[in-house]
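*Asks:* So the protein lines, in turn, are chains V and R. Its first residue numbered 37, the first sequence is counted upward by one per residue in the working numbering. Its first residue numbered 182, the second sequence is counted upward by one per residue in the working numbering.
If you're looking for bench data, these hints aren't it; they were derived computationally from the structure. Virtual Cβ for every residue (Gly too), placed ideally from N, Cα, C. Any given hint might turn out to be false.
Unchecked claim - Below, simulated BS3-like cross-link-like pairs (lysine-lysine); rule was C-alpha separation at most 30 Å, straight line:
(1) R:238 <-> V:72
(2) V:103 <-> R:238
(3) V:72 <-> V:92
(4) V:72 <-> V:103
(5) R:238 <-> R:194
(6) R:238 <-> V:106
Said to hold, decoys possible - Some, not all, of what chain R presents toward chain V, calculated at C-beta under 8 Å:
(7) 223
(8) 226
(9) 229
(10) 237
(11) 239
(12) 271
(13) 284
(14) 287
(15) 288
(16) 289
(17) 290
(18) 293
(19) 295
As the list claims (entries may be wrong) - Computed far set for chain R versus chain V, every beta-carbon distance over 12 Å:
(20) 192
(21) 196
(22) 198
(23) 209
(24) 232
(25) 252
(26) 264
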Amino acid sequence: GEDVEQSLFLSVREGDSSVINCTYTDSSSTYLYWYKQEPGAGLQLLTYIFSNMDMKQDQRLTVLLNKKDKHLSLRIADTQTGDSAIYFCAETYYGGATNKLIFGTGTLLAVQP
Amino acid sequence: KAGVTQTPRYLIKTRGQQVTLSCSPISGHRSVSWYQQTPGQGLQFLFEYFSETQRNKGNFPGRFSGRQFSNSRSEMNVSTLELGDSALYLCASSSLAGANTGELFFGEGSRLTVL
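Chain V on its own, in the form it takes in the complex:
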């Protein structure tokens, strides 16, 4: 099936770490991604992880992948007010003639000053 689940809302204080979680369904996904959407804007690719990796670090961002549990997480260190946005995880989906990205429901991250 095509279902990528995320918690709807996360609130943190500036300077704390944020962890956004995602569960996906397609075990054949080659890549898994994190996108950020600011108000009134399109989606911006933050980072992605190849399915044969467990972890990827990119400056303040750390992605953890647990393939057994089909669980993906994004950790943002030293969260800033500018990180307030909606975060989407996405997986590749291969089904018949359709190859596409399946996006999660999105997590609204609110950073309190």
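Put chain R on the given structure of chain V with help from the hints.
*Replies:* Just chain R now, with coordinates in the frame of chain V:
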């Protein structure tokens, strides 16, 4: 390098009308995908074009169609608009076909309101 450009940014239509949305991808990108974003359904894949051919298609009715031109610009059309078609339509371009690249570059979207 200019980003993905979508026009118009906002538009209002009435039920039964049709609408055409335009997307200019990043220069050199030959793949263009379209997504519909609504509060209830989230981001739903519409279709993908690569070198003027529709490569992938999502689960939308035939009222939703698209095309791609030789310069990689793409248009999508929705005919016989329904209230439920009100959404943010996002276009994304990438340099390779298929979904397994990760490098999708999104435009700011066209917000369609159907009255």
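*Asks:* Each hint needs a verdict: does it hold in this structure or not?
*Replies:* Against the structure, the hints:
no.: 1; hint: R:238 <-> V:72; verdict: holds (24 Å)
no.: 2; hint: V:103 <-> R:238; verdict: holds (27 Å)
no.: 3; hint: V:72 <-> V:92; verdict: holds (17 Å)
no.: 4; hint: V:72 <-> V:103; verdict: holds (23 Å)
no.: 5; hint: R:238 <-> R:194; verdict: holds (25 Å)
no.: 6; hint: R:238 <-> V:106; verdict: holds (25 Å)
no.: 7; hint: 223; verdict: holds (5 Å)
no.: 8; hint: 226; verdict: holds (4 Å)
no.: 9; hint: 229; verdict: holds (7 Å)
no.: 10; hint: 237; verdict: holds (5 Å)
no.: 11; hint: 239; verdict: holds (7 Å)
no.: 12; hint: 271; verdict: holds (6 Å)
no.: 13; hint: 284; verdict: holds (7 Å)
no.: 14; hint: 287; verdict: holds (3 Å)
no.: 15; hint: 288; verdict: holds (5 Å)
no.: 16; hint: 289; verdict: holds (5 Å)
no.: 17; hint: 290; verdict: holds (6 Å)
no.: 18; hint: 293; verdict: violated (15 Å)
no.: 19; hint: 295; verdict: violated (20 Å)
no.: 20; hint: 192; verdict: holds (15 Å)
no.: 21; hint: 196; verdict: holds (26 Å)
no.: 22; hint: 198; verdict: holds (25 Å)
no.: 23; hint: 209; verdict: holds (17 Å)
no.: 24; hint: 232; verdict: holds (15 Å)
no.: 25; hint: 252; verdict: holds (21 Å)
no.: 26; hint: 264; verdict: holds (22 Å)
Comparing the model with each earlier hint shows violations of hints 18 and 19; every other hint is respected.
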